[in-house]
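**Q** Taken in order, these protein sequences are the chains called A and B.
Going by my numbering, the first sequence opens with residue 237, and the numbers climb by one from there.
Going by my numbering, the second sequence opens with residue 23, and the numbers climb by one from there.
Hints are not guaranteed to be accurate.
[Unchecked claim] Computed cross-link-like contacts, EDC-like style, restricted to lysine to aspartate or glutamate with a CA-CA straight-line distance of at most 20 Å:
1. A:K278 to B:E76
2. A:K281 to B:E122
3. A:K281 to B:D121
4. A:K278 to B:D107
These are computed hints drawn from the structure, not numbers from a lab.
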Amino acid sequence: RKEVEQDPGPFNVPEGATVAFNCTYSNSASQSFFWYRQDCRKEPKLLMSVYSSGNEDGRFTAQLNRASQYISLLIRDSKLSDSATYLCVVTRGGGFKTIFGAGTRLFVKA
Amino acid sequence: ETGVTQSPTHLIKTRGQQVTLRCSSQSGHNTVSWYQQALGQGPQFIFQYYREEENGRGNFPPRFSGLQFPNYSSELNVNALELDDSALYLCASSLVGKDEQYFGPGTRLTVT
Chain A
237 RKEVEQDPGP FNVPEGATVA FNCTYSNSAS QSFFWYRQDC RKEPKLLMSV YSSGNEDGRF
297 TAQLNRASQY ISLLIRDSKL SDSATYLCVV TRGGGFKTIF GAGTRLFVKA
Chain B
23 ETGVTQSPTH LIKTRGQQVT LRCSSQSGHN TVSWYQQALG QGPQFIFQYY REEENGRGNF
83 PPRFSGLQFP NYSSELNVNA LELDDSALYL CASSLVGKDE QYFGPGTRLT VT
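Chain B on its own, in the form it takes in the complex:
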């Protein structure tokens, strides 16, 4: 096990609602990245947080936002949910300057 935890494990939301997903990084890891993985595809990079600031972002609209807290844990917020947001959301932690990332088990989001 990597020591990265995510909550909740599963979530069902309705189109238009908002959702918050949570991640606790591996002990000692100060950088957190979030990914969206649709069925049959590789994970898509959403953004990375370091020192409580966004450190890089993929091609996701502004309704995808995040936070990092002083203890390095992180949240992913998605507003105005769309059906296409249904996916596995993965959090990964790493040490700054080290590109190896360690993933949590993910949150499976279903939007109906």
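Chain A on its own, in the form it takes in the complex:
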């Protein structure tokens, strides 16, 4: 079992739709959580950090449930420009380590 797991998709949604991505992690010692966005053949870019209290940035909302070891990302009012791969990321100390999920592919269509 992978330490960070995501539904690979692809998710195909129309413009204006709301879409949700889920991610689970297996190591309870994980300390920081993020969502990154990666466009085709480009580097990952930080989208947002994820906190237990929830984190909202415009159309994007991220949530962390430490008890269930579950992270989510909600995108409201999808735009064509949201089409990308969304990567769930977890870090832990004790010898620093960052673990990326394999990513969830999103296609937003007109």
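Go by the hints and put chain B onto chain A.
**A** Chain B only, in chain A's frame:
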């Protein structure tokens, strides 16, 4: 743009050869991490450098080694290249104590 730069952008090597990839971190960032990303997969953590020392390592063999210099720039060295080493190699910089990382554009390595 993040300000993280990598060189070269593309590289073709033969199996058994050695390669050195370079990374300059974003201004003010003192920590550098390296990742390997195979096609269709998420980046895999290779190692992190802080204060010119390895600060954490993923599941990569010793033939993957690195350096960090006093100006925080870094090198990734891979010896005895294998076909499976073909991938996008990403460098990311951050501030110590801050887990947000900012990536460079990557070096695409092809091993034939």
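**Q** Checking against the hints above, which ones are violated?
**A** 1
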